[in-house]
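There are 2 protein chains.
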Amino acid sequence: MSNRRPSPPAGGKTPAPATSPWRASHERQRDRELKRDAVIRAAALEFNRKGYHNTSLDDIAARLEVTKPTVYYYVTSKEQLLFECFVAGVERIRSACREVRRLELPARERLNAVLRQYGEAVASEFGWCMVRAEQDDLSASMSRHVKSLKSEIDQSIRRLIREGVQDGSIHPCDPKMTAFALAGALNWIAHWYREDQSMSGAQIAEAFVAIFDAGLRPRAGEPTGAAPRRRARRRSHADTEFPPKSS
Amino acid sequence: MSNRRPSPPAGGKTPAPATSPWRASHERQRDRELKRDAVIRAAALEFNRKGYHNTSLDDIAARLEVTKPTVYYYVTSKEQLLFECFVAGVERIRSACREVRRLELPARERLNAVLRQYGEAVASEFGWCMVRAEQDDLSASMSRHVKSLKSEIDQSIRRLIREGVQDGSIHPCDPKMTAFALAGALNWIAHWYREDQSMSGAQIAEAFVAIFDAGLRPRAGEPTGAAPRRRARRRSHADTEFPPKSS
Numbered sequence: 000m001s002n003r004r005p006s007p008p009a010g011g012k013t014p015a016p017a018t019s020p021w022r023a024s025h026e027r028q029r030d031r032e033l034k035r036d037a038v039i040r041a042a043a044l045e046f047n048r049k050g051y052h053n054t055s056l057d058d059i060a061a062r063l064e065v066t067k068p069t070v071y072y073y074v075t076s077k078e079q080l081l082f083e084c085f086v087a088g089v090e091r092i093r094s095a096c097r098e099v100r101r102l103e104l105p106a107r108e109r110l111n112a113v114l115r116q117y118g119e120a121v122a123s124e125f126g127w128c129m130v131r132a133e134q135d136d137l138s139a140s141m142s143r144h145v146k147s148l149k150s151e152i153d154q155s156i157r158r159l160i161r162e163g164v165q166d167g168s169i170h171p172c173d174p175k176m177t178a179f180a181l182a183g184a185l186n187w188i189a190h191w192y193r194e195d196q197s198m199s200g201a202q203i204a205e206a207f208v209a210i211f212d213a214g215l216r217p218r219a220g221e222p223t224g225a226a227p228r229r230r231a232r233r234r235s236h237a238d239t240e241f242p243p244k245s246s
Numbered sequence: 000m001s002n003r004r005p006s007p008p009a010g011g012k013t014p015a016p017a018t019s020p021w022r023a024s025h026e027r028q029r030d031r032e033l034k035r036d037a038v039i040r041a042a043a044l045e046f047n048r049k050g051y052h053n054t055s056l057d058d059i060a061a062r063l064e065v066t067k068p069t070v071y072y073y074v075t076s077k078e079q080l081l082f083e084c085f086v087a088g089v090e091r092i093r094s095a096c097r098e099v100r101r102l103e104l105p106a107r108e109r110l111n112a113v114l115r116q117y118g119e120a121v122a123s124e125f126g127w128c129m130v131r132a133e134q135d136d137l138s139a140s141m142s143r144h145v146k147s148l149k150s151e152i153d154q155s156i157r158r159l160i161r162e163g164v165q166d167g168s169i170h171p172c173d174p175k176m177t178a179f180a181l182a183g184a185l186n187w188i189a190h191w192y193r194e195d196q197s198m199s200g201a202q203i204a205e206a207f208v209a210i211f212d213a214g215l216r217p218r219a220g221e222p223t224g225a226a227p228r229r230r231a232r233r234r235s236h237a238d239t240e241f242p243p244k245s246s
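Same order as they appear, the protein sequences are chains A and B. Take the first sequence: its position 102, counted from the start at 1, is 101 in numbering that gives the first Met the number 0, and no numbers get skipped. Take the second sequence: its position 149, counted from the start at 1, is 148 in numbering that gives the first Met the number 0, and no numbers get skipped.
Isolated chain A (complex conformation):
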């Protein structure tokens, strides 16, 4: 691990801390984070392989070639591991949602960028935990947290769909049902995708985005929702009934 440290400048007197056998605080912090990530990733791989209930902390420790107390140094329980796996997968989608806000692109293209990351996350080692968490396996507070993160992503996707209908890049549709259909198609990847298949997660995500894009693009000669001050005649029952809380 010490090779991460830069060598002291050659030829001069070096100050004492540079030759200290203890590593700098920020290095220890970074090292701890790397090891914690490795524990979470090992847990995800074991959950995928054996299922959550059939996996023990011993299995996870064995995969990492460490002892169970070492695993306990990074997480308090198997439940927390499931939760952290969920968060690791979902964070990729949340990060994409934040990044596209800065882009000056039609909303359909921003939505595609989010859905591409969503697809890659579900096809990653965290996909299984992302779509199976929220079950009875989590504590009440973890379960609430999972629900709120899922709802945040759902609202971001609906917002992008509404913006796309408004800017004319998406044909008029029901944002709630469309968001459910998109997320469902992507979530289901975790049920059929195995890493040893011939397509990579990125290729699958790309194939799905192409399919979605074909459905979302407006059609020549058909009305769009882009005209200013136009009456939202195609606004759907479901959309008016469940107003998004975040807007």
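In case anyone wonders, no lab produced these hints; they're calculated from the structure. It is possible that some hints are incorrect.
Copies of the same chain look alike in the list, so a pair counts if it fits in one copy or across any two.
What the hints assert, rightly or not - For lysine-lysine, the following DSS-like pairs were computed, each having C-alpha atoms within a straight-line distance of at most 30 angstroms:
#: 1; residue 1: K146; residue 2: K49
#: 2; residue 1: K34; residue 2: K149
#: 3; residue 1: K49; residue 2: K77
#: 4; residue 1: K77; residue 2: K67
#: 5; residue 1: K49; residue 2: K149
#: 6; residue 1: K34; residue 2: K49
#: 7; residue 1: K146; residue 2: K34
#: 8; residue 1: K67; residue 2: K34
#: 9; residue 1: K149; residue 2: K77
#: 10; residue 1: K67; residue 2: K49
Once you've looked at the hints, dock chain B against the given chain A.
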């Protein structure tokens, strides 16, 4: 139960069997089937409410106001109930697949009819079992049966997509990935739909079919796969790599 029996014709001598206190064999058979269906439906409702592992045969018996031995008269185990719930949901889709074969309609319309039944099945009381079965909860032979039924439906959907590309009613696409996206969007309904929501299962299925149809329809001015003897230039990697076994 005897009120299901037609009354003997008034005013004439009735033959002995009509007044027999034993019901006719076909009536007993029908009665048994009705009761078995009621047991399976009660199991589905209890699994939805409490989860498979938290549901006992006592819960199912209590819902029907019968004893546990009565339930055992119709099924041999809780596992079999889960399996039968799966079959009950999936049968609706298989039946739709069979029925559309007789219809002289463009393949996209036949596909829509199948997807509508698929959506209604997943939004029905059997939806949860349809998408969660195949797990470790089933015996090896039941699990194989579940897999083969799922594969049969998948192949039927792919075939309709290919036919649609050929007859020009569906724009050129990758049948395998498109079938996965459609089935995923529909399967996921079981994760978010609750019967007490404001939309019925039929309304949700209709909304999803409208979303899918917008994506599947060919676009004016874009090439279709309908031209005879045309080189399948847009035929995808995935489709050539996994040739459908059934064709």
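Against the structure, the hints come out as follows:
no., hint, result
1, K146 to K49, "both (25 angstroms within a copy, 19 angstroms between copies)"
2, K34 to K149, "within (27 angstroms within a copy, 40 angstroms between copies)"
3, K49 to K77, "both (14 angstroms within a copy, 23 angstroms between copies)"
4, K77 to K67, "within (11 angstroms within a copy, 36 angstroms between copies)"
5, K49 to K149, "both (25 angstroms within a copy, 22 angstroms between copies)"
6, K34 to K49, "within (22 angstroms within a copy, 38 angstroms between copies)"
7, K146 to K34, "within (27 angstroms within a copy, 39 angstroms between copies)"
8, K67 to K34, "within (14 angstroms within a copy, 52 angstroms between copies)"
9, K149 to K77, "within (21 angstroms within a copy, 32 angstroms between copies)"
10, K67 to K49, "within (18 angstroms within a copy, 33 angstroms between copies)"
When the structure is compared with the earlier hints, no violation turns up for any of them.
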